[in-house]
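Just need the whole structure built from these sequences, with the hints factored in.
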Amino acid sequence: MSATSLSTRSGTRQRHLSDRAIINLFIWPSLILLIVVNVFPLIYSLYLSFTDYSAIAHKAPVWVGLKNFADLLSDERMWKYFATSGRYTLVSVGLQTVLGFGLAMLLREKFRGSGLVTTLILIPMMISPVVVGLFWKLMYNPTFGYFNYLIGFPNPITGPDMLASSFARKAVPGLALWAVALVDVWMWTPFVMLLVLSGLKAIPDYLYEAAAIDRASSWFQFWRITVPQVAPLLMIAVLFRTIEAFKSFDLVMGMTGGGPGDQTELIAVNLYRQAFLGQWQTGRSSALAYIILIIIIAVSNLYILYLNRMRGEA
Amino acid sequence: MAEFAKTGPSKPVVEAIRVDKVTPGYRLVNNVRALIVILLAVVGLIPVFVMIMTAFKTRPDAISVPPKLIFTPSLEGLVFLLTERSAASPARLEQLRQAAEGEQLSLFDRIALNTGQEITGPSDYVFRLRNSLIIAGLSTIASVVLAVFSAYAFSRYNVKGKGDLLFFILSTRMLPAVVVTVPLFLMYTQLKLHDTHLGMIILYTVFNLSLAVWLMKGFFDEIPREYEEAALVDGYTRMQAFFKIVLPQAVTGIAATTVFCLIFAWNEYAFALMLTSEKARTAPPSIATMLGIGGIEWTAIAAGSLGFLIPVVIVTFALRNYLLRGVTFGAVRK
Amino acid sequence: MAKIELQKVEKKFGELHAVKPMDLTINDGEFVVLLGPSGCGKTTTLRMISGLETVTGGKILLDGRDVTWLHPSERDIAFVFQFYALYPHISARDNIAFPLRAQGESRHAVEQRVKEVSALLRIEHLLDQRPGKLSGGDQQRIALARALVRKPAAFLMDEPLGALDADLRETMRAEIKRLHIDQHATTVYVTHDQIEAMAMGDRIVVMSEALVQQIGPPAEVYYDPANLFVAKFIGSPGMNLVSAVYQDGVARIPGTENRCRVPAEWQPAVQSALQGEPEIILGFRPEAAHLEPSGELSGEVYATELQGAYAVLHVNVNTSEIVHIRTDRLIDYAIGETVRFSIDPKMVRFFNPKTELAISRQRSS
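Chains as they are written, first to last, in the numbering used here: chain A, 1 to 314; chain B, 1001 to 1334; chain C, 2001 to 2365.
Keep in mind the hints are simulated off the structure, nothing from the lab.
Note that CB positions come from ideal geometry on N, CA and C, so glycine has one too.
Among the hints, erroneous ones may be present.
Some chain C residues flagged as far from chain A (calculated, every beta-carbon gap over 10 angstroms) [to be verified]:
no., residue
1, E2005
2, A2085
3, R2173
From the derived model, a few chain B residues whose C-beta atoms are all more than 12 angstroms from chain A [to be verified]:
no., residue
4, F1056
5, L1075
6, A1100
7, S1210
Below, computed lysine to any residue pairings styled on SDA-like, alpha-carbon distance capped at 25 angstroms [claimed, not checked]:
no., chain 1, residue 1, chain 2, residue 2
8, C, K2020, B, S1155
9, A, K201, C, S2073
10, B, K1021, A, S217
11, A, K201, B, S1123
12, C, K2003, B, G1008
13, B, K1162, A, K67
14, B, K1244, A, I203
15, A, K67, A, I294
16, A, K201, B, Q1095
17, C, K2151, B, D1020
18, C, K2346, C, G2295
19, A, K201, B, A1099
20, C, K2133, B, S1155
21, B, K1162, A, I295
22, A, K201, B, A1241
Set out below in structure tokens:
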């Protein structure tokens, strides 16, 4: 109600909790939890990376300095695996972003059943990655899988064998990698879509209303209102997807185990191989993990710089 | 269209909508959009249909050549999921065969006859499902709540070292899981958190925090500050402004974050495998390694995955209005 | 400029009647305020005029042209939003220039006009900055400039001062009024602040619960409120409304000795309005009551308040009703003290409690 004679409103702000107290109360619980759980594993793995420890050998870790790192970085195969992971990440994240954004733009305006459709589109993301891997393996099978059947190659001899990188019995190197990337896109496009959609919905209506009254073109509205408002959120989605795609493990293991040959040997798969499957090179794999970490940190920093620049302009 | 300018739409408009959005032209475009999306959704869901079909097929049907679209449904998959089995002896099979000629066999006997496996008792599946519900549910709530508060502070205040803190939060998610499992295993065993619900809840909360904080900060950043500032001018305290004005507008973001955290915690496999054994084991590890006597039991895996999928779908469907809610910016007044 | 007519305009959201069918004519160059508490329908009405909201029924005419189903941009109106609605990622200058550029005006004309308008609103020094970093007052000025730049037929403003600080609000209020006078612009202004409405409006449309309660110039709405709602809503504090019993030309407050003589010119109207029922509501504004030892009414002082230039006494006239009386700020009254006062017969008003309508001095009721 408007000012009544008993109002104390005079411009003075009463604050029951000072701003500083609020900051502390809001932030510290999260930070403390993160530090407590993460600090030991981080430091321990770092320590191990400088040793030749093997979890199954019954001897104590021996300090070997930078030997693990040197071995890894001079191993040509390592570079190959990094490149494979890089290509995989680039393609799958790129496709997810474009598709996710497009779907979100389509789902923006409500229509009958849009709630249901949105939920349905999210389903691929909700299935356990291991299961997704297994089932796509089933689907990609040239003999009794649905994939070949649906794209018109029911005969295994004349059609593609996606996970074996061959077409009509002739090798098509790299096909398996794209086959896996396709599954990654299938699974995670909904992630990008949901984030962009939430971002789109949060843009204040009055910006578009002002644009309507000013007779702004759809082009202007898209580039000057929609994109700047939603770009930061899109960037966050892409940032997280990049980190996850680079570390991608569950999906690939379920589908190809790194094969055929090493066409789908993503860096995380190789890491697993070194750490467990037979090799049990705990020390070396820790070193590899840290190399991966450094790469991810570097790339993330680039993203964040870009993100801040976007926001700084806002 | 000139018609429309004179007479307006055929039925009176009883919703909140702009004049230019009820024109026939606009409505047509909207319908086309809806159609395209539905089409894409259907195509994209084909693998899911495959999974659903497989869950209700018999073993041989699941891997038939060519793949079967029409088949007689069977509850085999479900039964395999929920029970432990062992190979039936030839004598027992003979006994069943003879019984089948004379009379109707019970469901279990029929399945035993068809697959050569005898049911010996219930499996752990339901028990594990319960663990999943507790662990995933509680950790999701914890991470979302913590994240909402932290993200608000990061968004509205100039916290010292904000960039670094946020990067630290992000970095907790950067190490590949494989490498973190060994130290975590050691740590948990020492702290007696191994194979406990609390241990898993803490772990998942921590893991989800980084995504949750970043997402919520993104959402809070999008909410114009004018609202809180108008409220502060009116005499609200910061806390009141937060709860009464900012939070309701962040509902879309909170819903999306909740869905993501839930999905991750629910489907998490690697840590669950390493850090639990009996008491706190969740469902994902068991679904993936559902080996029957004779290789991968596709029908059981499909049935299990389907069953495991349903709670998440239900939660998401329940939240759909929040996920899709546009925010209405009315006048902000006491 | 323009004349705006609303003919039986109504809006429903599902079953909820947000605006019941209303008729309103806004004359060329008039400053009309839509006033009411939140949820009364004033903003919805404004939005319907602008095209940001569709009508469920009725017609909207602008200078005789039926614009009910025209695109908002084709109605030749400008809209000022409560939260400014400035395009966040372009400069203030580009924001202001935008409507003209969208119309295809020449570069020279646009520059000219932007200069004129920003000089008028004294924001020339802000033109190259992005709105996001500027204060609320500055942002609203830029929004006003954007609205002015096109010289539209009418200005529609939705609580434009609502997000601003109290002092800033007063300054801006005067500025908007000055702009209105300068530009001879037809303006429709929505607010819930009755002080603002009284200060700025040529005519005020008081609304409550989807209905128009009264339409009239500030003086009329203040001195002759049409019903209990308007009487209470307008004025700070609102009009005193006391339940009384009418008998033989006197309104008596039950349970006390207090009585107020009904002036002769009122009696016929009161009698025919009440039609034999004794209940009546006595209305008088705080400044219409005068404390004097020979006053007809008395009561106990319940509270006192200093309001700067004067004081307001809260006086208990019977066990449950408190009236506000304006007094000299220099005289102190003790709580519990009994005071006597009288009501200026020229300013007293009467209401029918059953219909809640004011009893009009003319014989219609």
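Can you name, in rising order, the numbers of the hints this structure does not satisfy? When the structure is compared with the hints, numbers 2, 7, 8, 11, 13, 16 and 19 turn out to be violated.
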